[in-house]
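Participant: Listed below, chain by chain, are the residues.
2 protein chains.
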Amino acid sequence: MPKTIHINKLAVIGVGLIGGSFCRALKRANAVTHICGYGRNSDALQKALELGVIDSMATDLAGAVQDADVVMIATPLGAYADIFAGLRDHLSADCVVTDAGSVKGSVVDAARTNLTAEQFRRFVPGHPVAGTEQSGVEAAFAELFDRHRVILTPLEQTEAQAVQMIEQLWQLAGAEVVQMSVAEHDAILAATSHLPHMLAYALVDCLAGMDEQKAIFRFAAGGFADFTRIASSHPQMWHDICFANREELLTMLDQFQQQLDNLTKAIRADDRQAVIEMFTRAKNARDHFSKLRATGPIPKE
Amino acid sequence: MPKTIHINKLAVIGVGLIGGSFCRALKRANAVTHICGYGRNSDALQKALELGVIDSMATDLAGAVQDADVVMIATPLGAYADIFAGLRDHLSADCVVTDAGSVKGSVVDAARTNLTAEQFRRFVPGHPVAGTEQSGVEAAFAELFDRHRVILTPLEQTEAQAVQMIEQLWQLAGAEVVQMSVAEHDAILAATSHLPHMLAYALVDCLAGMDEQKAIFRFAAGGFADFTRIASSHPQMWHDICFANREELLTMLDQFQQQLDNLTKAIRADDRQAVIEMFTRAKNARDHFSKLRATGPIPKE
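Chains as they are written, first to last, in the working numbering: chain A, -10 to 290; chain B, -10 to 290.
Honestly, the hints are just simulated from the structure, not real lab data. Hints are supplied without guarantee of correctness; some may be wrong.
Copies of the same chain look alike in the list, so a pair counts if it fits in one copy or across any two.
[Claimed, not checked] With a straight-line cut-off of 25 Å between C-alpha atoms, the simulated SDA-like cross-links for lysine to any residue are:
id : residue 1 : residue 2
1  : Lys203    : Asn251
2  : Lys203    : Glu39
3  : Lys203    : Ala172
4  : Lys280    : Thr121
The model shown is predicted, which means the values in this text are computed figures rather than measured ones.
With the rest of the complex left out, here is chain A (with noise of 0.2 Å):
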């Protein structure tokens, strides 16, 4: 079970799709006394207001963190830097930073870059493995995180108290928390989510060209459908994923080439028993995902 936390003031630093779905799992835990929420469009921090996600807002960095015990980072990885470079003069002492980028590395280096040491020893690098191909805070809903993995990669300096309460944060927040290395998670994410993103935009780029032509998406079926969903995520989000990540996206996209360029070669050299043994190996490997999936933390939906 969760341990009991509760926290007076948590500042969230981009209230969107996952930064307001933080909120409303907190609150729905009753984990947190007050929420304020810190953006750069006010519009939209207005909206979060309005529909009790946070309570009360800043368009200032300094006021949004003032004397709160956590701060959540949510924004597009591109904005980090200036982000932690603006909260250095601004923390309380005791303040645990923490943050939701899906990658590691690059979040790593700005905070050690931006922070004192001090604040960095407390600043706990996370990744809830959890999003829909929407975007803001209209689209964030208390239940996002239940039953999926978060991942903490603390580094050997994080203070354990540090990221035992992030780690309780989570779990009240519905989550299962499991820790690994910077390095680790970066190498699988680039893997099993920021490839298959590129192989999708790529995909739905290459064929709008021909769809001018033939309308050719008013053929395409269900397995298309679900083939091509992240394609219709956040363009500036997964611009600054790609760079965050670059080596390691860099490296299993030179490996899926590789991995597509032999089939197709042994396409074209009627290589019958290739081809075959290369589907029926993806094959199994997917239904032994699906299985993993039905008992896992992870829900099906």
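Use these hints to put chain B onto chain A, whose structure you have.
Facilitator: Structure of chain B alone, referenced to chain A:
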């Protein structure tokens, strides 16, 4: 509204997901008096009989199609040539033959080669753009084709009456029928169905090797699940599709590889403008497709 049509005997060659669902949909519409199922696996046919999907079973082709008004071929594509050859001496004079294969060029070639010229004029090539990653008669259901498109690709010499009959049957089965040329069908399906299946198989096989070391599938979320669902499809069926539509598929594979190569180069060269432009074009096209689906004949699920 679909015309009312009633046929006395339908023979279904291959009673799997598609063949079985066609039977169930026509029974739901009271469109047929008797359905005889044929297949090489008598256990599966027995199952189809027990489930009430078919009314009788036959393990010899001649018996199955005796006195049949319509023959529906719904096996993997690799079996078609033998089936057409086997039908040649056993079809009733007015029997209309149709099929549900995902590729039309190779099917039309096999029909032309193996049927008499007379029989070939009553062969109506068809493709229901529907399916799930499941296979087998147990997965068949009457609603599979509801509000889905069925593409017929009749040739110049195909009898108009035969085309009309198959069109009406599919309408009674719940589908919307459209017609296009064989070449257009095979190009469109290579783009929206066959290529995505290749990418899903290649991705999952690529990651399966990594997974052995790192258990990466444990940290994959909903986006990955949707993206790779089609990699659970029947390997033999997709092997057959792959080689039956080889030239169109190779063309699409080349186009896609070029596109992915452009994206990879842009990431490597730090060309952020090119990356965000591609993602934005893709998102716009995918959102457009979502709207088509919401208003078109294809259901959301």
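Participant: Now tell me, hint by hint, if it's right for this structure.
Facilitator: Going down the list of hints, with the structure as the test:
Taking the shortest Cα distances, lysine 203 and asparagine 251 sit within 25 Å of each other only across copies (24 Å), while inside one copy they are farther apart (30 Å). In this homomeric assembly, lysine 203 and glutamate 39 never come within 25 Å of each other (Cα to Cα): the closest approach is 45 Å inside a single copy and 44 Å across copies. In this assembly of identical chains, the alpha carbons of lysine 203 and alanine 172 lie at most 25 Å apart only when taken from different copies (12 Å versus 44 Å within one copy). In this homomeric assembly, lysine 280 and threonine 121 come within 25 Å of each other (Cα to Cα) both inside a single copy, at 22 Å, and across copies, at 17 Å.
In this structure, the one hint that does not hold is number 2.
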